[in-house]
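Heads up: the protein sequence lines correspond to chains A and B, in order. Counting along the first sequence from 1, when you hit position 33 you're at 33 in full-length UniProt numbering, and nothing is skipped either side. Counting along the second sequence from 1, when you hit position 183 you're at 183 in full-length UniProt numbering, and nothing is skipped either side.
Since the hints were derived computationally from the structure, they do not count as laboratory data. Please note that the accuracy of each hint is not assured.
Stated by the list, open to error - Within a straight-line C-alpha distance of at most 30 Å, the following computed DSBU-like cross-link-like pairs (lysine-lysine) qualify: (1) B:Lys154 - A:Lys13; (2) B:Lys154 - A:Lys103; (3) A:Lys201 - B:Lys97; (4) B:Lys97 - A:Lys103; (5) A:Lys91 - B:Lys21; (6) A:Lys201 - B:Lys116; (7) A:Lys91 - B:Lys116; (8) A:Lys202 - A:Lys13; (9) A:Lys202 - B:Lys116; (10) A:Lys202 - B:Lys201.
Said to hold, decoys possible - Pulled a few chain A residues facing chain B out of the computed Cβ check, cut under 7 Å: (11) Met1; (12) Val11; (13) Ile78; (14) Asn92; (15) Tyr100; (16) Met104; (17) Asn106; (18) Ser113; (19) Gly197.
The beta carbon of each residue, even a glycine, is placed where N, CA and C say it ideally should be.
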Amino acid sequence: MKWSDFFTSSVGKKFVMGLTGLFLISFLIIHVGVNACMFADLSIFNPADDGTMFNIAAHFMGSMVVIRLLEYVLFLGIILHIVQGYVLEAKNRGSRSVGYDVKMGNRGSKWYSRSMGLLGTLILLFLVIHLAHFWVKARFTESLEPVSYRGVEMHNMFKEMLIVFKEPLVVVIYVLGCISLAYHLAHGFQSAFRSIGVHNKKYNLMLTSLGYGFTIIVTLLFILMPIAVYFDWVGYHN
Amino acid sequence: MEHYTMSLTLKVWKQQNSQDKGRFETYQVKDISSEMSFLEMFDVLNEQLIREGKDPIAFDHDCREGICGTCSMYIDGRPHGPWHANTTCQLHMRAYKDGDTIVVEPWRANAFPVIKDLVVDRSAFDRIIQAGGYISVNTGNAVDANALPVDKDKADASFAAAACIGCGACVAACKNSSALLFVGAKVSHLALLPQGDPERKNRVLNMVAQMDREGFGACTATGACEAVCPKEISLSNISRLNKEYLAAGLEK
Ligand code: SF4
Ligand code: FES
Numbered sequence: 001m002k003w004s005d006f007f008t009s010s011v012g013k014k015f016v017m018g019l020t021g022l023f024l025i026s027f028l029i030i031h032v033g034v035n036a037c038m039f040a041d042l043s044i045f046n047p048a049d050d051g052t053m054f055n056i057a058a059h060f061m062g063s064m065v066v067i068r069l070l071e072y073v074l075f076l077g078i079i080l081h082i083v084q085g086y087v088l089e090a091k092n093r094g095s096r097s098v099g100y101d102v103k104m105g106n107r108g109s110k111w112y113s114r115s116m117g118l119l120g121t122l123i124l125l126f127l128v129i130h131l132a133h134f135w136v137k138a139r140f141t142e143s144l145e146p147v148s149y150r151g152v153e154m155h156n157m158f159k160e161m162l163i164v165f166k167e168p169l170v171v172v173i174y175v176l177g178c179i180s181l182a183y184h185l186a187h188g189f190q191s192a193f194r195s196i197g198v199h200n201k202k203y204n205l206m207l208t209s210l211g212y213g214f215t216i217i218v219t220l221l222f223i224l225m226p227i228a229v230y231f232d233w234v235g236y237h238n
Numbered sequence: 001m002e003h004y005t006m007s008l009t010l011k012v013w014k015q016q017n018s019q020d021k022g023r024f025e026t027y028q029v030k031d032i033s034s035e036m037s038f039l040e041m042f043d044v045l046n047e048q049l050i051r052e053g054k055d056p057i058a059f060d061h062d063c064r065e066g067i068c069g070t071c072s073m074y075i076d077g078r079p080h081g082p083w084h085a086n087t088t089c090q091l092h093m094r095a096y097k098d099g100d101t102i103v104v105e106p107w108r109a110n111a112f113p114v115i116k117d118l119v120v121d122r123s124a125f126d127r128i129i130q131a132g133g134y135i136s137v138n139t140g141n142a143v144d145a146n147a148l149p150v151d152k153d154k155a156d157a158s159f160a161a162a163a164c165i166g167c168g169a170c171v172a173a174c175k176n177s178s179a180l181l182f183v184g185a186k187v188s189h190l191a192l193l194p195q196g197d198p199e200r201k202n203r204v205l206n207m208v209a210q211m212d213r214e215g216f217g218a219c220t221a222t223g224a225c226e227a228v229c230p231k232e233i234s235l236s237n238i239s240r241l242n243k244e245y246l247a248a249g250l251e252k
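Chain A on its own, in the form it takes in the complex:
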């Protein structure tokens, strides 16, 4: 079998979706971990932190050569996941030209498992806004203020975040974006493992629970970030 045949078959395409999905999930773990450094500033931890930990972590992500290289792989993964997702969505929608009068609805499947295309599109829209807010500014403009710790100068991403998340509309968009991500993950996490061939019932059961747990923890942490800034739980307190 030619590689091209493998990757263009319906099963091969799903394999790519699953694999890229899992790769993006691994990225989410890093992303949420680095961002959670902002909570070091919470009053129960160290209110004098003033974003030090967050800025240093962000600087590490932005300056480490291995991570910068991985950034290209990440974008490749995102693009592949999106393009393949739309190709599949189009093929699947096109396989039933005459629909049913009475729909099956939620009898037998969850609404979000049937709405991965829609949820993915919402996440894509959110991603564009999110990249414009932070990543583009950090990489391609000089608009971020510098800050130095022990003589090392870096972007003050923390301060930028405080500005961005003071806008109520932005906070709402971020929360909605995270909720879309949550439902996308609630199905995608376990489905990805199925697509790459995990068929052991015990594992599938475990992965489904793990998927829900992962989804809830990651989404809550992400949602808490704009909210914590908006309500001044983190910020410059000195």
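Model the placement of chain B with the ligands on the given structure of chain A, informed by the hints.
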């Protein structure tokens, strides 16, 4: 359960042939016994239509005992009707009460074109089977059944997959019109047994290739197929197919 009779309103899809656009027709039936099967209720309706000089409703059926997979009706938004793990022929009228309205549609999928009314062409499934759903055996004397040891768990899983009757409800229920539960069952059934080993790799590759050629959609694991399957074929058969396909695709 107490026997009772009922009058029903039926909204049934009528379509002269594959070219016809088709439409719903509404029929009234009276004195339907709660002991009748759903298909017997259709027999009563068709006799009534013939007596009135009208075109009876074409529908598929054969064994009427839930084993052949020929019957295929999408009843009130669910393939094979409201009962779990059941075929249309085994659906009984005690599932309904007097005055109910029932909507009956054919399986909908481009790979299953309507031939007439509720009858669809499911020969796509036959072609998928032809592409790889076979094994090679030596002719001559029957081999001793115990000559080939088979792990009990695998034998059971294979047997469960082999229960698929090829009805196509999985395709009808799937939002993508994917046939992967059917193909997964057929691939698993043989991949789990030593008898299926010689053709194992080509089987999965060829069956998936044929499935794609027939125009079925791709699986997105919503689980709707498993929920309506009259033989309770498990979704894990799809995952096993994915693994088989990956292993074969890498090697072949
Ligand atoms: S997998 Fe179930 S629903 Fe699909 S064809 Fe086989 S028996 Fe019918
Ligand atoms: S007619 Fe044979 S399974 Fe229903």
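Which of the stated hints cannot be reconciled with the structure, identified by number in ascending sequence?
2, 3, 6, 9, 13, 17
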